[in-house]
Amino acid sequence: MQFCVVTYPGSNCDRDCYHVIGEVLGEPVRYLRHWAEHVPRGTSCVVLPGGFSYGDYLRPGAIAARMPVTGAIEDFAAGGGLVLGICNGFQILCEAGLLPGSLIVNDHLAFSCLPVHVRVEGDPSPFTHSLKQGEVLRMPIAHRDGNYRPPSDGAQPQVALRYCSPAGELGEDYNPNGSQYSTAAITNERGNVMGMMPHPERCAESILGGEDGMRVLQSAVDWWKEVGSYGI
Amino acid sequence: MGSEPRMASWEEAGLTAKEYDEICEQLRRPPNALELGMYGLMWSEHCSYKSSLLHLEQLPTEGERVLQGPGENAGIIDLGDGLAAAFRIESHNHPSAVEPVQGAATGVGGILRDILAVGARPIALLDSLRFGNLHDSRVEHLFSGVVSGISQYGNSVGVPTVGGEVYFDDAYADNPLVNVMCVGIMSTEQLTRGTAVGPGNPVYIVGAPTGRDGIHGASLLASRQLGDGDGDMRPAVQVGDPFREKLLIEGCLEMLQSDAVIGLNDLGAAGLTSAASETAARGGTGMDIDIRAVPRRESDMTPYEIMLSESQERMLVIGRRGCEEEIEETFRRWELDAACIGKVTNDEVLSIRDGERILAHIPVQSLTSGAPRYDRPTRPPSDCAAREAGAEEIPIPHDAGDALLQMLSHPNLCSRRSIYRQYDHMVGIDTVLTPGADAAVLRIKGTERGLALVTDGNGMLCRLDPERGAAQTVAESYRNICAVGGEPLAVTNCLNFADPEHPEVMHAFQQVVQGMARACRELNTPVTGGNVSFYNQTLDRGIAPTPVIGMVGSVDDVSRCPGRGFQRPGDAVLMAGQINTAKLAASQYLNIMHGLQEGPVPEVDYDAERRAGELCRRAIMEDAVHSATDISDGGLMIAVSECGAASDEGLGCRLDLTDSRRPDELLFGEGGPRYLLTVPEDQIDTLVCLARETQCPVERIGTVGGSEVQVHVNGELILRASVPSLCRARGEGLT
Chain B
1 MQFCVVTYPG SNCDRDCYHV IGEVLGEPVR YLRHWAEHVP RGTSCVVLPG
51 GFSYGDYLRP GAIAARMPVT GAIEDFAAGG GLVLGICNGF QILCEAGLLP
101 GSLIVNDHLA FSCLPVHVRV EGDPSPFTHS LKQGEVLRMP IAHRDGNYRP
151 PSDGAQPQVA LRYCSPAGEL GEDYNPNGSQ YSTAAITNER GNVMGMMPHP
201 ERCAESILGG EDGMRVLQSA VDWWKEVGSY GI
Chain Y
1 MGSEPRMASW EEAGLTAKEY DEICEQLRRP PNALELGMYG LMWSEHCSYK
51 SSLLHLEQLP TEGERVLQGP GENAGIIDLG DGLAAAFRIE SHNHPSAVEP
101 VQGAATGVGG ILRDILAVGA RPIALLDSLR FGNLHDSRVE HLFSGVVSGI
151 SQYGNSVGVP TVGGEVYFDD AYADNPLVNV MCVGIMSTEQ LTRGTAVGPG
201 NPVYIVGAPT GRDGIHGASL LASRQLGDGD GDMRPAVQVG DPFREKLLIE
251 GCLEMLQSDA VIGLNDLGAA GLTSAASETA ARGGTGMDID IRAVPRRESD
301 MTPYEIMLSE SQERMLVIGR RGCEEEIEET FRRWELDAAC IGKVTNDEVL
351 SIRDGERILA HIPVQSLTSG APRYDRPTRP PSDCAAREAG AEEIPIPHDA
401 GDALLQMLSH PNLCSRRSIY RQYDHMVGID TVLTPGADAA VLRIKGTERG
451 LALVTDGNGM LCRLDPERGA AQTVAESYRN ICAVGGEPLA VTNCLNFADP
501 EHPEVMHAFQ QVVQGMARAC RELNTPVTGG NVSFYNQTLD RGIAPTPVIG
551 MVGSVDDVSR CPGRGFQRPG DAVLMAGQIN TAKLAASQYL NIMHGLQEGP
601 VPEVDYDAER RAGELCRRAI MEDAVHSATD ISDGGLMIAV SECGAASDEG
651 LGCRLDLTDS RRPDELLFGE GGPRYLLTVP EDQIDTLVCL ARETQCPVER
701 IGTVGGSEVQ VHVNGELILR ASVPSLCRAR GEGLT
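If you're matching them up, the sequences are chains B and Y in order.
In this text, residue positions in the first sequence follow the numbering used here: the first is 1, and each later residue adds one.
In this text, residue positions in the second sequence follow the numbering used here: the first is 1, and each later residue adds one.
Some hints could be false.
[Said to hold, decoys possible] Just a sample of chain B residues kept apart from chain Y, beta carbon distances all over 10 Å, derived: (1) 36; (2) 51; (3) 74; (4) 112; (5) 150; (6) 204.
[What the hints assert, rightly or not] Calculated Cβ distances over 12 Å to all of chain B for the following chain Y residues: (7) 250; (8) 256; (9) 394; (10) 441.
[Said to hold, decoys possible] Chain B stretches covered by chain Y per the calculated footprint, using a threshold of three residues with CB under 8 Å from any CB of chain Y: (11) 12–22; (12) 59–70; (13) 84–96.
The set of hints was computed from the structure by calculation and includes no laboratory data.
Think of the CB as a built atom: it goes at the ideal place given N, C-alpha and C, for glycine as much as any other residue.
Sequences and hints are given; from them, build the entire structure.
Shown next as structure tokens:
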């Protein structure tokens, strides 16, 4: 399954995602630069990594959302390709309108880098395909703008992961940034585009303290092998 | 020759009349205003090390692992397998005192470019910080500003902040310290030098356009005391753009993949003047620069401003003739301007032109090494009473448990989580041991190996006894590296002092360097570079002498690095090292509980250090321990509490001690190498063997288990505290 990792100027988790997909997940991976006008043929999944694209100037993700490659990713998603936005990648997908809603500054106004627990929610999507509903994963977050707000038209986003306690309970104490409904990840209606604030690539190897992130990435691979060839 | 009316006298350039005469002598004519400004920067204390060089020569700088010692942009050590680590520490104290957010942020930016300049990819940052008492609202403002500056810059640029330290003491109320260490990794083939060689080769300035910020940063801000008018120095502080820095890092690293680039140098303190003269001096060449070609932020900047600007995110790139197109194209792809501003010459002169008009013409060596070296007068401190004081007078605490909670919630000993959670310490996915550990450990991808990194400093000990205090600082770094299973390899240092023109300050400096030199020699950790920051003084109040050590160690197998947290009930708690020598003198217990900073500082017993360090390291690498930590500030009970607080299962322990000493000395005394190890029953024999082989005493002092920490002395329960109460206390100190 061919992956592409996008590098915008200021992306800083691109090399991490590349390493995990290529060396840990063991799938073919290549970089996609911000000036690219097409997603290469044969690509199954595009990953928009974390970081500070364009320095987060204006708003996180706002400038990257207007780069040629983001338009190409939009076309790719419309054709049924898988798109995963992690942290800044999630912010870019919201800014580009590939996902509903927005990510504003954390309720405590500071950057937070720490491990959190998230609970698998909703209908299975490609990225939660191999996970059980209600299952709890431990993954790190590292952001200042991760406070999810759904769109103002009242539409309910499809939540894929919610912040929770180690036992899976929801509550303010377990919500690290004030996100509405403890939202940690959402998908588009079709399910092929997911944005998540936690970093799966940072917990894909036991030496780094956990492997739960692998399960999200492995889900996409499993889904692609089992279902993907038929399209969504 | 052109002249500029802007700067008339040597005083305004920060020089003395004698230094001015020396310049005239070396130039064989009086300098013009621009030249005088350039001399002012290069001969400033900050750039020339004129008060310190004489002493720094004592430091051991060579070793089998050292590939590059002091004098270049960063020290480099050989890690084997074709890999090398580059590292350096630098201060940004004065800018941070004036403008904490940008001062700290640009401190991070500057040290990153030093590592980049030797061709390494920066992989880790550590910060050593000092502030006054947090109850003072001005100190609180400085503290939160510095933390947020480090967070904003480091997070955005994508280099993890993996460690560091912070202490609060009135000695730093007016003069906070912000020392930043950066570590990079590279293949030995990629080693780049900040050298301009090959006359005719093009010289580029890459990155941000040059603005009016930071003029006089090195000469007038960093090389003199702070005073009342320092709000006016705010324009001398630069503003950081971490986004551009990130592009600069990626652009330069890509550029180094080809041989189109010959040398790299950061434009940091003293800006273009320093970068141009230093690279030419190292290459034994000269440089011809046309300031018209320098991209600038404002159109009406004078040559003086261009040559003295300390605008951030700029690099000087010495290219290979004929590769101009490749260089410009590569940087363009990273959205960076690369402007050719001149060329390397063979006349050993730095020549600054505005088109055809020559503005400055100075022999390179005169700028970089012509400054006088001062053997400044020294005088032992008049009051040595504190050094000899004993602790016999203080009362024994009624309730040792209360004392422990009070100690744990003190800002100097409490959890630093509220700080480091604002730092991205994971980006790069190499951080095996995160902040909060004795030392950070980063893996090296594709190998089993890793790097152990730490910074340490102890102003209190160095004020009491500069020589022993400095030696203890090196020893503490050594212990921290050993406690995570690393082999200490080399150090960088940042020497923070008050006014060197004060004989007592200079005496302390000389003693510190002496203590450090001996310790580094004894522990086989050569000094590969560093930084001296003088004039950390406001009016007549100076800081405590504060040498900060940054140490790098090598870890053979990162999968064996234990945390410090208790792992399994039933594990034996062992103490290894100098088990019975800890004292209350010069301890955090005296400082925190009794407001006393006094007592003799113990001498480092190097044999004991090496033996205990080896035992700990081998026990870890032989996979015999479940947890390990070094017992340092606050003594045994602080270490035990940290092990409980770091335990995933919230495990406590029961200690059974047989000892006739005062209980507070037993629980909170400090000194000597001491490691606290927890070991499964079936590995105790391994430890006994190791103890014999390394000739290091090891003693069982208790057992892991339960959810509280209990201490029995001679059979009597003297302290009892639940692990949650310890965690709570640790969490209260910095909120």
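Consistency of the hints with the structure:
no.	hint	result
1	36	holds, 13 Å
2	51	violated, 6 Å
3	74	holds, 23 Å
4	112	violated, 6 Å
5	150	holds, 27 Å
6	204	violated, 8 Å
7	250	violated, 8 Å
8	256	holds, 16 Å
9	394	holds, 39 Å
10	441	violated, 10 Å
11	12–22	holds (count 6)
12	59–70	violated (count 0)
13	84–96	violated (count 0)
Hints 2, 4, 6, 7, 10, 12, 13 from the list above are not met by this structure, while the remaining hints are.
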